[in-house]
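K.L.:
Chain by chain, the residues:
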Amino acid sequence: MHRPLEPEAGTSAMTELGKPVIEIEKLNLIFETPDTPVHALSDVDLTINTGDFVSFIGPSGCGKTTLMRVIADLETPTNGHISVNGMTPAEAREQRAYGYVFQAPALYPWRSVQKNIMLPLEIMGLPKAEQQERAARNLSLVNLEGFEKKFPWQLSGGMQQRVSIARALSVEPDLLLMDEPFGALDEITRDHLNEQLLRLWDQTGKTVIFVTHSIPESVFLSSKIVVMSPRPGKIIDVIDCNLPRDRTLDIRETPEFLEIAHRVREGLRAGHSYDD
Amino acid sequence: MSLWHRLYHGKTIPVLAVVLSLVVIWYAGAVYLNKDTLISNYERNNVTWYTGKLIDDAWSMERPILPAPHQIAVEINKTVFQKKITSKRSLVYHAWITTSATLLGFAMGGVLGILLAVGIVHVRTLDRSLMPWVIASQTIPILAIAPMIIVVLGNMGITGLLPKSIISMYLCFFPITIGMVKGLRSPDVLQLDLMRTYSASTSQIFWKLRVPASIPFLFASLKVAVAISLVGAIVGELPTGAVAGIGARLLSGSYYGQTIQIWSALIVASVLGMLLVYAAGVIEKLVMTRMGYRI
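Protein chains in written order, with numbering that gives the first Met the number 0: chain A, 0 to 275; chain B, 0 to 294.
Bound-form chain A, shown alone:
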């Protein structure tokens, strides 16, 4: 198995593979709305280990994005326990333990590609030279060398999303949180980016949490698939997915792949996801 190329300082979690990086126990989140409270997450138990590629899959409203936002400290759970790298999510956020890739690229239109990637690094107060070096390195990681001076509107949707991935990576986090990053892209671009992402995961050995509602995407990418169902949002099944790390798109035709995909579909059906 191919192991991390760039072990970084302060990422002790990375040195021991298989160690839990995220532990969630009996987590509930209830949104207070004017009419009725919405039970967005109900009794969620989940452990995510270092180096895992975990997909949250489920229909709209199953709480998969909410769960990820709780991990990122963008939402506060009502009760229950959650730790990220042994810290509370808020502490983890303050230590910039994760990079977050949103559904939309969320690039700042007044910043060039390079400046967009340097944004978190400016905020962290890194020296200018290091900012530029990291921007260049992560741009080449997503195959966008030579686009430094372009502005977001000059790039296609897929390229913009790759810039946003490079921006998340430039923080050099142990943990990469990706919220349906390829949801708005066409299937060909999505396939291509999936392959790139898989290679990236393989090269950097980061822990990735990936929200999607595509069964093939989740099976293709993940080492662990978390199947969720809505009303209230809960985990129905956690499926291990031990396809080889250096898989290519062709693997989607193999019986192993189809078998896992079938199990995911069964899980979704058990959660009454096909009811309406």
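Hints are supplied without guarantee of correctness; some may be wrong.
What the hints assert, rightly or not - Within a straight-line C-alpha distance of at most 27 Å, the following computed BS3-like cross-link-like pairs (lysine-lysine) qualify: (1) A:Lys148 with B:Lys207; (2) A:Lys114 with B:Lys284; (3) B:Lys207 with A:Lys149; (4) B:Lys207 with B:Lys284; (5) B:Lys87 with A:Lys114; (6) B:Lys284 with A:Lys148; (7) B:Lys181 with B:Lys222; (8) A:Lys233 with A:Lys223; (9) B:Lys77 with A:Lys114; (10) A:Lys127 with A:Lys114; (11) B:Lys284 with A:Lys149; (12) B:Lys77 with B:Lys87; (13) B:Lys82 with A:Lys127; (14) B:Lys222 with B:Lys284.
Said to hold, decoys possible - Sample of chain A residues facing chain B (criterion: CB under 7 Å; computed from the structure): (15) Phe30; (16) Arg92; (17) Ala103; (18) Ala105; (19) Pro119; (20) Phe146; (21) Trp152; (22) Ile250; (23) Phe256.
What the hints assert, rightly or not - Computed beta-carbon distance windows for the label pairs: (24) B:Leu160 with A:Glu90: 28 to 38 Å; (25) B:Val270 with A:Thr75: 37 to 47 Å; (26) B:Leu189 with A:Lys25: 25 to 35 Å; (27) A:Lys148 with B:Ser20: 33 to 43 Å; (28) A:Ser82 with B:Leu129: 39 to 49 Å; (29) A:Arg251 with B:Met290: 35 to 45 Å; (30) B:Ile282 with A:Ser82: 46 to 56 Å; (31) A:Gly145 with B:Ile157: 55 to 65 Å; (32) A:Asp239 with B:Leu129: 39 to 49 Å.
If you're looking for bench data, these hints aren't it; they were derived computationally from the structure.
We put the CB at the ideal spot given by N, CA and C, even for glycine.
Given chain A, put chain B in place with the hints provided.
P.N.:
Using the frame of chain A, we list chain B on its own:
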């Protein structure tokens, strides 16, 4: 592109057509409005008159109710191009006096407007306490409050440029505050969440997100504000009995029934306003292009 093609598809012909019809209406209006004075004059002096003579005279009176366009053109040519710009009779001189008050008032209004907006966006109490006052300030007729400002400041020994600029500022900070508040609040949830994932401080969010995001809004309101601050400066010149400035020309023109002088001062003021708005537009374009915005 051929000249004909450009004329056909461009804005030139529609604009010219509008100008032409306005000029025709104006000439007709000059005859209509001036005819009563002329006819009573003819009758008093037993002059025989006919329509052609009436029209000729209506377009060349010394103190017409409505001067004809060419009379104004002659007056503007005389006072703008034929006089030395340092002369008290030069409209360029008067326009400069007003422009300097306008620019100072605009600058002060800009600073005040932006500071208010920053306060309103960041301090919850200010949002609730300040905004009603900001709006109330604009409901007071400026013509009523301008003399008060002049009197109070004059009593404190402040005269000249500053009182006019303060009136100008009083008028022009409003659109800047409104535009800037909207601009500083324009970043969407995603852009703000992104900053949160970086644990950015409030001042980092302000300088790296809110300020750049507000620039398009700022320029939209600056273009409105610069035109308003010109109006403010002119209004500020009226109650001071100012001896110089566009407002002074309007005032002395109305004292002596010099309608031609009034109209030429008005035209110069509107050209000045257009130039100021145009200049703001040019600066906007430069800044926005530099910032990488798609224009």
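K.L.:
For each hint, tell me whether it holds in the structure or not.
P.N.:
Okay, the hints, checked on the actual structure:
Taking the CA atoms of Lys148 of chain A and Lys207 of chain B, the gap is near 18 Å; set against the 27 Å cutoff, the hint holds. Of the pairs offered as hints, the one joining Lys114 of chain A and Lys284 of chain B holds, with about 21 Å between alpha carbons and a cut-off of 27 Å not exceeded. Proximity of Lys207 of chain B to Lys149 of chain A is assessed by CA-CA distance (about 19 Å); at most 27 Å being required, the pair is judged to hold. Only pairs whose Cα atoms come within 27 Å are accepted, and Lys207 of chain B paired with Lys284 of chain B is accepted, the gap being roughly 21 Å.
Under the criterion of a C-alpha separation no larger than 27 Å, the hint pairing Lys87 of chain B with Lys114 of chain A is inconsistent with the structure, at around 54 Å. A threshold of 27 Å between alpha carbons decides the hint, and for Lys284 of chain B with Lys148 of chain A the separation of about 20 Å falls inside it, so the pair holds. Restraint check for Lys181 of chain B and Lys222 of chain B: the C-alpha separation of about 16 Å stays at or below 27 Å, so the hint holds. The suggested pairing of Lys233 of chain A with Lys223 of chain A holds, with an alpha-carbon distance near 16 Å, which does not exceed 27 Å.
Restraint check: the Cα-Cα separation between Lys77 of chain B and Lys114 of chain A comes to about 55 Å, which exceeds 27 Å; the hinted pair is violated. A threshold of 27 Å between alpha carbons decides the hint, and for Lys127 of chain A with Lys114 of chain A the separation of about 11 Å falls inside it, so the pair holds. For the hint pairing Lys284 of chain B with Lys149 of chain A, the CA-to-CA distance comes to about 19 Å; that is within 27 Å, so the pair holds. With a C-alpha separation of about 13 Å, the suggested pairing of Lys77 of chain B with Lys87 of chain B holds against the 27 Å cut-off.
About 58 Å separates the Cα atoms of Lys82 of chain B and Lys127 of chain A, which puts this hinted pair outside 27 Å; it is violated. At most 27 Å may separate the alpha-carbon atoms for a hinted pair to count; Lys222 of chain B and Lys284 of chain B meet this at roughly 12 Å. Contact between Phe30 of chain A and chain B, as hinted, is not supported at the beta carbon level, the nearest pair being about 15 Å apart and thus beyond 7 Å. For Arg92 of chain A, the shortest C-beta to C-beta distance to chain B is roughly 6 Å, which falls under 7 Å, so the interface hint holds.
Given hint, Ala103 of chain A at the interface with chain B, holds; its Cβ is 6 Å from that chain's nearest Cβ, closer than 7 Å. Using the Cβ-Cβ criterion of 7 Å, the hint placing Ala105 of chain A at the interface with chain B is satisfied: the shortest such distance is roughly 4 Å. The closest approach between the C-beta of Pro119 of chain A and any C-beta of chain B is roughly 5 Å, which is under the 7 Å cut-off, so the hint is satisfied. For Phe146 of chain A, the suggested interface contact is broken, since its CB lies about 13 Å from the closest CB of chain B, more than 7 Å.
Of the supplied interface hints, the one on Trp152 of chain A holds, with its beta-carbon coming within about 5 Å of a beta-carbon of chain B, less than 7 Å. Hint status for Ile250 of chain A: violated, given a least beta-carbon distance of 32 Å to chain B, over 7 Å. The closest approach between the C-beta of Phe256 of chain A and any C-beta of chain B is roughly 33 Å, which is over the 7 Å cut-off, so the hint fails. Restraint check, Leu160 of chain B to Glu90 of chain A: a C-beta distance of roughly 57 Å breaks the suggested window 28 to 38 Å.
In this structure, Val270 of chain B and Thr75 of chain A break the distance hint of 37 to 47 Å, their C-beta atoms being roughly 59 Å apart. Look at Leu189 of chain B against Lys25 of chain A: about 30 Å separates their beta carbons, and that is inside 25 to 35 Å. Hint check: Lys148 of chain A to Ser20 of chain B, Cβ distance near 50 Å, so the stated range 33 to 43 Å is violated. The given range of 39 to 49 Å is respected by Ser82 of chain A and Leu129 of chain B, whose C-beta atoms sit roughly 43 Å from each other.
In this structure the hint that Arg251 of chain A and Met290 of chain B lie 35 to 45 Å apart at CB holds, the actual value being about 44 Å. The beta-carbon spacing between Ile282 of chain B and Ser82 of chain A, approximately 52 Å, falls within the hinted interval of 46 to 56 Å. Gly145 of chain A and Ile157 of chain B have their C-beta atoms about 59 Å apart, which keeps the hinted 55 to 65 Å range intact. In this structure the supplied range 39 to 49 Å is violated for Asp239 of chain A paired with Leu129 of chain B, their Cβ-Cβ distance being about 59 Å.
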